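Q: Sequence:
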Amino acid sequence: MVLALEIVLVIASVLMTIFVLLHKGKGGGLSSLFGGGVQSNLSGSTIVEKNLDRYTVVIALIWVICIVGLNVAQSFAL
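If you count by this note's numbering, then the sequence shown holds residues 1 to 78, one letter each, in order.
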């Protein structure tokens, strides 16, 4: 059980990192410091961006559930 949660946690961590890096910058951050803020946002939020938001939230929930599950498993192992 613990091994399965650890494997899911590692996979969720990698996926969440990838999904966060795939998001479009909202401006005003480090991207504008290096010239990334020059582009204008004409298209607004696309379907792909909304789906990416949903996937990121689902992966984040799986990540949190795995952390809580591992903590509960560790507390009962004593």
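Just so you know, the hints here were simulated from the structure itself, not pulled from any lab data.
Among the clues, some could well be false.
Unchecked claim - Label-pair ranges, simulated between beta-carbon atoms:
#: 1; residue 1: 54; residue 2: 10; range: 18 to 24 Å
#: 2; residue 1: 22; residue 2: 1; range: 29 to 35 Å
#: 3; residue 1: 7; residue 2: 57; range: 38 to 44 Å
These figures come from a predicted structure and were not determined experimentally.
The beta carbon of each residue, even a glycine, is placed where N, CA and C say it ideally should be.
Q: Now, for every hint given, state plainly whether the structure supports it.
A: How the hints compare with the structure:
no.: 1; hint: 54 with 10: 18 to 24 Å; in the structure: 22 Å, holds
no.: 2; hint: 22 with 1: 29 to 35 Å; in the structure: 32 Å, holds
no.: 3; hint: 7 with 57: 38 to 44 Å; in the structure: 21 Å, violated
The earlier numbered hint that this structure contradicts is number 3, and it is the only one.
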